[in-house]
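> If you read the protein sequences in the order shown, they are chains D and Z. If you read the first sequence in full-length UniProt numbering, its first letter stands for residue 1, the second for the next number, and so on. If you read the second sequence in full-length UniProt numbering, its first letter stands for residue 1, the second for the next number, and so on.
These are computed hints drawn from the structure, not numbers from a lab. Be a bit skeptical, because a hint or two may be false.
From the structure, some residues in chain Z lie toward chain D, with a derived Cβ separation under 7 Å [claimed, not checked]:
id, residue
1, Val-117
2, Val-203
3, Arg-299
4, Pro-335
5, Ser-339
6, Asn-343
7, Thr-350
8, Val-351
We treat Cβ as the ideally placed atom computed from N, Cα and C, and that holds for glycine.
There are 2 protein chains.
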Amino acid sequence: MSEPSERPEAEDEREEEAYALGVDLVAGVVDALAEGDDAGVRALVAPLHAADFADLLEQIDSDDRAGLIRAVGAELDAEALSELDESVLDEVLSYVDPAVLAAAVKELNSDDVVYLVEDLEDEHKARLLGALDDDERVIVEQSLAYPEYSAGRMMQRELVKAPPFWTVGDMIDAMRAAEELPDPFYEVIVVDPGMKPIGTIPVGRIMGTTRPVPLAEIMSEDFRAIPATQKSEDVAYAFSQYHLVSAPVVDEDGRLVGVITIDDAVEAMDEEAEEDILRLGGVGDESISDRVRDIARSRFPWLAVNLVTAVLASMVIDVFEDVIAAYVALAVLMPIVASMGGNAGTQTLTVAVRALATRDLTASNMWRVVLRETLVGLMNGLGFAILIGIIGYLWFSDAMLGFVLAITMIGNLLVAALAGILVPITLDRFGADPALASGTFVTTVTDIVGFFLFLGLGGALLL
Amino acid sequence: MSEPSERPEAEDEREEEAYALGVDLVAGVVDALAEGDDAGVRALVAPLHAADFADLLEQIDSDDRAGLIRAVGAELDAEALSELDESVLDEVLSYVDPAVLAAAVKELNSDDVVYLVEDLEDEHKARLLGALDDDERVIVEQSLAYPEYSAGRMMQRELVKAPPFWTVGDMIDAMRAAEELPDPFYEVIVVDPGMKPIGTIPVGRIMGTTRPVPLAEIMSEDFRAIPATQKSEDVAYAFSQYHLVSAPVVDEDGRLVGVITIDDAVEAMDEEAEEDILRLGGVGDESISDRVRDIARSRFPWLAVNLVTAVLASMVIDVFEDVIAAYVALAVLMPIVASMGGNAGTQTLTVAVRALATRDLTASNMWRVVLRETLVGLMNGLGFAILIGIIGYLWFSDAMLGFVLAITMIGNLLVAALAGILVPITLDRFGADPALASGTFVTTVTDIVGFFLFLGLGGALLL
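Please put together the full structure from these sequences, using the hints given.
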């Protein structure tokens, strides 16, 4: 491999797992559940962070989930529910006592309630919304009115706003008087009388300023207001690119409706990265805790598309049946052609998909990148042509066979480079996700062109 | 595809690109540079955020980079330098006037200076360190003493600390008196006389508390202190899992040495995700702005490993040369066997690598996941066995050929599932990165087993 160990991986297993849920703890909880020792279960999970408790729920099996929820009872932390993967959320909620759920949900920020509610089956959804106070329910329903994967769904309604004529002293007094401050809370949003945000002030800056100074003097006016309809991936990009921790969200009239904080953006970033990785691997939006039938069903269509393209490649070979019958070494060497083309294409494709996602590949440098990939394909094509030509010659003692392999390799790696860069760019141009199915397209191209070149040249030069 | 459009992609190109550097702007800058219109260049780039200016530098070619740096002159924002990709950083720094660089660097936080310095060639490194004040240079050199990709390299030294007996009033007075507060700044770290952190207080909480309250009463004691030697991927995991925005970093004696903020963690998360995607695609740590020769050279070894494994698969076929010569349809259908096995294996592998990275796949649920993947392989194997059996029968009018294909498909998808899950788990167990070269291992296994089954069965049943 080219950079085997620039990053020292693992070695220290203990440190590696420093933050993860311990294997021993999971085993301990499962044992305590089996023994019906509810007090023991509670003692084990009490010190866990909500996120780790959610991981615990995901990692144990269904029976244990029900037992764990029952054992924890009223001590259930609603945060843990909002950390659960969708695949187990519905199931877990069905185990929670309605009264416990109602009490727990009231402690959540509106964005977490929205997350809990949005994917629920109707029965659970009505029950959960029913547990909220009227005004809180209205807030959650307003968020739900925005499309899935939009800023409106990500935002929380809990925020601190102030008019520009307030002084730092007014602000501090107001905050001290507030019953409860939002958590997390990083910025005060300064709004005009029409509720339009006109500036933001990091909390630290307020603390470093003396009481008589008006907020208008210390607010930043070059903040970014995020439209509530903006897609979550764009929100995530803005947070990452501009190192934001918090940003006001506005409706179509530019009025402040909520705030998105960095933890929501980090979640959206994770989802984006996950989606790209999974799609490049030919997998949909699946989770390790999904059921067997769901996983099999979600992977089937991708394999079916692949079957169609594999049949296409086979049809190319079928055309050259006579050539193969007369010269079986060609059949023996076919996997090398397919494999090298497929891998080279995947390399280029992977880099292109990633660069499109990070917006490092744009219309500005597109043609330069295409040219560069073509040259890379040509260089490595030449290198492997020599290697593989020698292998073919030595293995079958036939110089012409080596020559055919060599020429095929150059053509195949060139085509792999072109397909690897042009397929994702084209998909992106037409508004499709470049990670989606690109791999199948690219390997179809390299298979077909590779086999055609190899068997065509072989038929012409070897028979 | 299974979920073609759960997320509405693109359609609105304008909004999609809302935050990215505009194509027109890049073209405008390049034109202005070509015309030697330095004032025009400065006017165009003045409104750009440092991160966008860095992207601009990455997207234009070498000559334009030199011109742009020269045109901007003393107005260069040092932040932009710290946003640059490593692949162009050295080059860009060579264009910057030493006096401009010295002035610019002084405005950076210590973590950004460390980033600039760590990958520099020695000549540039000495020049940059020389531009710093003595005490700042010492700080940067201390950070550089920690291993690459460690918390010590990620942390900034600028932080706000206080003793526990201070009141909120003392704290506010101290901050108002401070010449400059760190930016970003989210938490006050409470330290004991030995400089060990004993609590943290979000700035917002200080603002919501009255002056006479001692800090000890409002500090959180269950914060996470990060050892300076901890690996950056573990730091990123902790920030993401526990929704941290800031965390104190301690040396081996537990003394406070710095603070890591969420923007550093987000960068580490991005790098982790990028590394996984690229390694799964058989690519090293390359960037779209690397030079052709470097890209070709870094991809060559991965392709070379693949060549070796492809030759192994060919050797399996070679064993059955007589079978193929007698029944050429087997050669025609070989790509279907290889392709289906490879794709099914890649699906499982991708999910496993991702689940290992997010720590959803652990020793606690490992065997359950292996069993589940095996069942998925069996189910889809049966499904495709029927499909492909029919295809083989109809295409070559040979029921026995269809039967051979069907049995091969079941065996191949089972093996694909097992290899796809066991290879990454095994690599992870031995402390290797499960994304690294897993793909090659898995497809080697599916190719070899698939060809062996197909041609072996074919030889036994068809001749």
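> Restraint: Ser-339 (chain Z) near chain D, CB-CB cut 7 Å. Satisfied or not?
At 4 Å from the nearest chain D Cβ, Ser-339 (chain Z) passes the 7 Å test, so the hint holds.
> Mind checking the CB of Asn-343 (chain Z) against every CB in chain D and telling me if the closest is under 7 Å?
The hint holds - Asn-343 (chain Z) has a Cβ within 7 Å of chain D, the shortest such distance being about 5 Å.
> For the hint on Thr-350 (chain Z), does the least C-beta distance to chain D fall short of 7 Å?
At 3 Å from the nearest chain D Cβ, Thr-350 (chain Z) passes the 7 Å test, so the hint holds.
> Would you settle whether the hint for Val-117 (chain Z) is holds or violated, based on the nearest Cβ-Cβ distance to chain D being less than 7 Å?
violated (18 Å)
> Take the shortest C-beta to C-beta distance between Val-351 (chain Z) and chain D; is it under 7 Å?
holds (6 Å)
> May I ask you to test the interface hint for Pro-335 (chain Z) with respect to chain D, counting a Cβ-Cβ separation under 7 Å as satisfied?
With a closest approach of 5 Å, the Pro-335 (chain Z) hint holds.
> Let's test the interface hint: is any C-beta of chain D closer than 7 Å to that of Arg-299 (chain Z)?
This interface hint holds because 5 Å falls under the 7 Å limit.
> Hint validation: Val-203 (chain Z) versus chain D, beta carbon distance must be below 7 Å. Holds or violated?
Holds, because the Cβ-Cβ distance from Val-203 (chain Z) to chain D comes to roughly 4 Å (cut-off 7 Å).
Consistency with the previously given hints fails for number 1 only.
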